[in-house]
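Chemist: This is what each chain is made of:
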Amino acid sequence: MNDRQIKSLKILDEIKLSGVIYTARDQAHKRLVEAINSGKKPPIDLKGAFIYYCGPTATPKGKVIGACGPTTSSRMDKFTPALLKAGIKGMIGKGRRSKEVVAAIKKYKAVYFLAYAGCGALISKYIKKAKAVAYKDLGPEAIFRLEVKDFPLIVGIDSQGRNIYD
Amino acid sequence: MKTISADKIKKTIAQLCVKANLELRPDVLAILKKARNTETSKRAKKLLGAIIENANVARAEQLAICQDTGMPVVFLAIGQDVRISGSLQQAVNKGVELGYKKACLRNSIIKDPLARGKSFYSPVVVHVDIVPGSKLRITVLPKGFGCENKSLLKMFSPTAKIEELKGFIIDAVKSAGPDACPPYVLGVGIGGTADLASLLAKKALLRRLGARGSKLETDLLKAINKLDIGPMGLGGKTTALAVNIETHPTHIAGLPVALNFSCHALRSATAAL
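For the record, the sequence lines run as chains L and Z. The opening position of the first sequence corresponds to residue 1 in the numbering used here, with each subsequent residue numbered one higher. The opening position of the second sequence corresponds to residue 1001 in the numbering used here, with each subsequent residue numbered one higher.
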């Protein structure tokens, strides 16, 4: 998704996302921000990246991924402005965000999507490829690179800072 | 005296973990379908449809209903005429590990709450009741933490008005808002002590949904469903699927009220040996 497309989105828009996204939840966020703050290169390219707040179950035999729904976004709030500054453009999760995050989304012209909450089995159908690419020692909290097709999302906070939960 | 082997308990718990995580409880599914039919918001209807479809996909594809396969809470009602051969504690934890590994469920338990670190399948939370008879009844409730994190306890004054209790519960739902996967099921424990009220609130989640409730339960459900939070917090009249209240005798000086939230994926399974 390019900057022009992100800019055209407004809250409550329902889209189907296809492309590459990266999972990251609590511990991965902590490590990414620690890497940025200490001047180290993060293990994934954050420029233009879409981050999905998700810790999937193990992958059953013959499947691409296990259940993989969104986790509560607000736990990532304290790390999000630093990641937006480092270049991420999209976030996917569930629930509300802090004022600081809403302001940072507006400042960096990014977008926050809601995925169907508590629908991890259904969402696995939209994941075409999955691979752990960083922080593998964290198990389900590792960073996974996901190729998604037609992943249904709702715009929760748009690039102008409008918030679905206001 | 009846003897039940720890090995049998282990295998039963493994099966219950798989069943609870892969097959949504029939009463939960039925109440979700009813809510979809009576919901008037178009978006809420669609989201309830996705939740129902998710349960169907989980069952058909043998996938976890939700990736947060929870902290397993195991309830054991042990008949006083039952003798267990082998280690019960080990049987419970090994049984959970066996079931969780087999069904590719998530290892979400960390050994030290402060040091955090690597996650495992166990140890789990176990509650034991000693009951009459010679049966062992086992229930596994995998409890996701998005909703567990919204749990509350308040020690009311014994002269508190019922409206204050209602206000506490309704405000808790308002405060949870969209964050813990509404529509919720609310388990409420009233009476006992601080610890027992909390346990009753969790046990209330095990009661079948959709049965005729008390006046307090019905009143609370109506009030909560007027908050317009709805599925994913995007509006609608389906903010809670049920309010289940359990009570217990308490002290003349107190009135403990505990609240345990469940997300819409309320999962549990029971077996009797």
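Don't take every hint at face value.
What the hints assert, rightly or not - Quick partial rundown of chain Z residues pointing at chain L, CB under 10 Å, derived from the structure: (1) 1062; (2) 1075; (3) 1077; (4) 1103; (5) 1132; (6) 1144.
Unchecked claim - Covered stretches of chain Z (in silico footprint by chain L; criterion: 3 or more residues with CB under 8 Å from a CB of chain L, positions within the stretch not fixed): (7) 1044-1057; (8) 1089-1096.
FYI, nobody ran anything at the bench for these hints, they're computed from the structure. The C-beta atom is built at its ideal place from N, Cα and C for all residues, glycine as well.
Chemist: Next, verify each hint and record whether it holds.
Modeler: Checked hints:
Evaluation of the residue 1062 (chain Z) hint against chain L yields a held restraint, the C-beta minimum of about 7 Å falling below 10 Å. For residue 1075 (chain Z), the interface hint is violated, since its Cβ never comes within 10 Å of a Cβ in chain L; the closest pair sits about 23 Å apart. With its C-beta approaching chain L no nearer than about 29 Å, residue 1077 (chain Z) sits outside the 10 Å limit, and its interface hint is violated. Hint status for residue 1103 (chain Z): holds, given a least beta-carbon distance of 8 Å to chain L, under 10 Å.
Interface restraint check: residue 1132 (chain Z) against chain L, minimum CB-CB distance 38 Å, threshold 10 Å, status violated. Hint status for residue 1144 (chain Z): holds, given a least beta-carbon distance of 8 Å to chain L, under 10 Å. Judged by the Cβ-Cβ criterion of 8 Å, the region 1044-1057 of chain Z is covered by chain L as claimed, because 7 of its residues qualify and three suffice. Proximity of the region 1089-1096 of chain Z to chain L, defined as three or more residues with a beta carbon under 8 Å from a beta carbon of that chain, is not established by the 0 residues found.
Hint violations for this structure: numbers 2, 3, 5 and 8, all remaining hints satisfied.
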